[in-house]
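There are 2 protein chains.
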Amino acid sequence: MEQLTVQELGARAKAVANVLAAASPKAKNDALAAIADALIARTDEIITENKKDLDNAEQNGMSKAMQDRLLLNASRIAGIAEGVRKLIQLEEVVGSVDAGWVRPNGLRIQKTRVPLGVIGIIFESRPNVTVDAATLCMKAGNCVILRGGKEAFHSNVCLTEIMRDAVASVGLPADVVQLVPDTSRESANQLMRLSEYLDVLIPRGGAGLINAVAQNATVPVIKTGVGNCHVFVDESADLCMAVDIIDNGKTQRPSVCNAVETVLIHRGIAAKLLPMLKARLDNHNVTLHGDDAAIEVLGDCVIPANEDDWALEYLDYQLAVKIVADVDEAMAHIARYGTNHSECIVTKSLENAEKFQRGVDAAAVYVNASTRFTDGGEFGFGAEIGISTQKLHARGPMGLMELTTVKYLITGEGQVR
Amino acid sequence: MEQLTVQELGARAKAVANVLAAASPKAKNDALAAIADALIARTDEIITENKKDLDNAEQNGMSKAMQDRLLLNASRIAGIAEGVRKLIQLEEVVGSVDAGWVRPNGLRIQKTRVPLGVIGIIFESRPNVTVDAATLCMKAGNCVILRGGKEAFHSNVCLTEIMRDAVASVGLPADVVQLVPDTSRESANQLMRLSEYLDVLIPRGGAGLINAVAQNATVPVIKTGVGNCHVFVDESADLCMAVDIIDNGKTQRPSVCNAVETVLIHRGIAAKLLPMLKARLDNHNVTLHGDDAAIEVLGDCVIPANEDDWALEYLDYQLAVKIVADVDEAMAHIARYGTNHSECIVTKSLENAEKFQRGVDAAAVYVNASTRFTDGGEFGFGAEIGISTQKLHARGPMGLMELTTVKYLITGEGQVR
Chain C
1 MEQLTVQELG ARAKAVANVL AAASPKAKND ALAAIADALI ARTDEIITEN
51 KKDLDNAEQN GMSKAMQDRL LLNASRIAGI AEGVRKLIQL EEVVGSVDAG
101 WVRPNGLRIQ KTRVPLGVIG IIFESRPNVT VDAATLCMKA GNCVILRGGK
151 EAFHSNVCLT EIMRDAVASV GLPADVVQLV PDTSRESANQ LMRLSEYLDV
201 LIPRGGAGLI NAVAQNATVP VIKTGVGNCH VFVDESADLC MAVDIIDNGK
251 TQRPSVCNAV ETVLIHRGIA AKLLPMLKAR LDNHNVTLHG DDAAIEVLGD
301 CVIPANEDDW ALEYLDYQLA VKIVADVDEA MAHIARYGTN HSECIVTKSL
351 ENAEKFQRGV DAAAVYVNAS TRFTDGGEFG FGAEIGISTQ KLHARGPMGL
401 MELTTVKYLI TGEGQVR
Chain V
1 MEQLTVQELG ARAKAVANVL AAASPKAKND ALAAIADALI ARTDEIITEN
51 KKDLDNAEQN GMSKAMQDRL LLNASRIAGI AEGVRKLIQL EEVVGSVDAG
101 WVRPNGLRIQ KTRVPLGVIG IIFESRPNVT VDAATLCMKA GNCVILRGGK
151 EAFHSNVCLT EIMRDAVASV GLPADVVQLV PDTSRESANQ LMRLSEYLDV
201 LIPRGGAGLI NAVAQNATVP VIKTGVGNCH VFVDESADLC MAVDIIDNGK
251 TQRPSVCNAV ETVLIHRGIA AKLLPMLKAR LDNHNVTLHG DDAAIEVLGD
301 CVIPANEDDW ALEYLDYQLA VKIVADVDEA MAHIARYGTN HSECIVTKSL
351 ENAEKFQRGV DAAAVYVNAS TRFTDGGEFG FGAEIGISTQ KLHARGPMGL
401 MELTTVKYLI TGEGQVR
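Residue numbers (the working numbering), protein chains in the order written: chain C, 1 to 417; chain V, 1 to 417.
Rather than coming from a laboratory, the hints here were simulated on the basis of the structure. Glycine included, C-beta positions come from ideal geometry on N, C-alpha and C. Some clues are possibly wrong.
[Stated by the list, open to error] Quick list of in silico lysine-lysine cross-link-like pairs, DSS-like style, CA-CA up to 25 Å: (1) V:Lys14 / C:Lys14; (2) V:Lys14 / C:Lys355; (3) C:Lys111 / V:Lys26; (4) C:Lys111 / V:Lys14; (5) V:Lys26 / C:Lys355; (6) C:Lys111 / V:Lys355.
[Said to hold, decoys possible] Some residues of chain C that are not near chain V, with every Cβ distance over 12 Å (derived): (7) Thr5; (8) Lys14; (9) Asp30; (10) Ala33; (11) Ala34; (12) Met66; (13) Gly83; (14) Asp165; (15) Val170; (16) Asp238; (17) Ile269; (18) Lys272; (19) Thr371; (20) Thr411.
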């Protein structure tokens, strides 16, 4: 792999950005099909390179769970290729028209969708992100500069080479996909400050990465990820439904950002709900951290919760529980400790449902449904690049549309002011 | 005026942001009406405070043109109040629904508009911005922290007090509008890094301010302003139309970002167009900076253009002129020197019109109309906070809609994954 600097990668991406932006839907889809085919055809090569990363991980004492995230086998590679093929079916977004109108002076204005340009993505260990993120960006007409973690370096180099070869094989420039060949912190910092060439930077990783980006980046950033999500069970709730929603939010996949971390329970139903909830969560040995009122109901199987428990993303089989007086106290708690990701109320009260949906400041606010649905696929976007927890540009699951910007096309017959 | 720190201002804004976000359209419009009334009722007070700024300006040797920008008289104050009243008529955006759909599992998803939250605005001398920007942000449900230039300090303090009193008089918290009481560079830097409280920062000013923000801000930023705009006159153009469009773009208001700075002329018509253009621009004594080919046609009334002329925003009665071989050379020049603001082609060729609109990377791309139309009012937005030259969040004129973000409201009957 050629040892280009981050600056050189930026210049190369910028140089071909207009080619990809102008590429026909067919040209982009041909490139995606070629990538999917090549991933299958070169599966052995990927597994060989991935093995190097796995051997290093073993030597460095990486946990088995982390090693599993790193692993690529034939079935996982087929899954990645299938994900790329699904993108081909998605409707073209570049050139679509958000709105069009005619001004009194006869000017016709069209607000159209165009690619963002060059997107930088900094991500951590999972090598499937390399392909998922790059191909989604490409489908929306964007060039991409990837900077993966050192744990997956050999895998990422191999996957990037395969994508570049495939793109070139259908006549598009290979430089629409590039990987930073240096996994030092310095290369990440350079990417964060590559204002001359990058239109946007999307960090995908833990709080440490997100904070480093917030402090250092001069490039416009879309923050993704952190989710301290709550379920509030109102007095009027269907308690069986509440148990289903909390159990699903906590145990279906505890390590993800839309998992539930704290349950807030109306005091009028706590004595009835808590034993039901505990019985269900015991199936997954969920540890409860509760306030005094919760301990009063369930006894000392509940660990006393402290301030940290309200703020923590456990990302594990642990759940904080607090008894509240009403929907207002629940909303105040969420305003204080939430991360504006996904919040849920279980209720039969129209008034409280509306109050909660209006008053809670989050990307996704649920009435009577699991927070686990905050996901591009579940929303029907076909794919997602991440879940934005900021308010600028995109909020919530980001699909193809969120990887574009607008261009106004104005047509007249010589109008002047 | 109370001497609060930037941190304290941020905390106060954040504390009332949910009140304004939840305010009814009527409550917000009542506040706007109260502001407009108060501006008229307290005109003498504004003029007295403005006089202090004008006296300082005179003593400091500020140019007459700049002093004029600073001046507030009864007629200008009435104009500002009228601008506020116009906002009342604009349709409510908070709570409007961008899209709604039902998933196969029965979940109903609504993508709704909500305020951004707390907006910081750093601006330079013109005191009318204080009211224009604050009231537009408020109409969209946002709290605002203003940081104006020291030249207009007394005017800004007075205008802010009037707005705060008016807002409080109708029962909304005065802290929805605040002014940073310190015009040092340090206070601007603090605002740029107030991530804890600010949802977005909008700098309105020259390249120096925009660059300082790009380098220092940790808060999400929307850049506005810089416009090196071009008109390309194609071989097939109606030459009279071309002269009208260039004249309008250059001379109707040369100091603004959507004014024309460089004209690119197809070589097939240069000998005919240039004398017509010069004759018209002579009415405003426009100085031409041309390449060799332009000088060959017009002689030494044209100053030889150098590299700087292609990159410069003159913002004055000066115009760069370059002869090009075709639309491709024009587009390459624009790609190299343009600032992605507003670009125009004058042509009768459908092929070249489409090529230009598709291929030029700018917020607004015109066929046969003046670049001066890149403006919220001219686009029909009713008002604007500025013209974004970045690709993230908003691009081109930013009206009420661009001062909002989205919130997904999801409603179910107990759905889980």
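Item to check | Hint check, failures only | outcome: 1, 3, 4, 8, 16, 19 and 20
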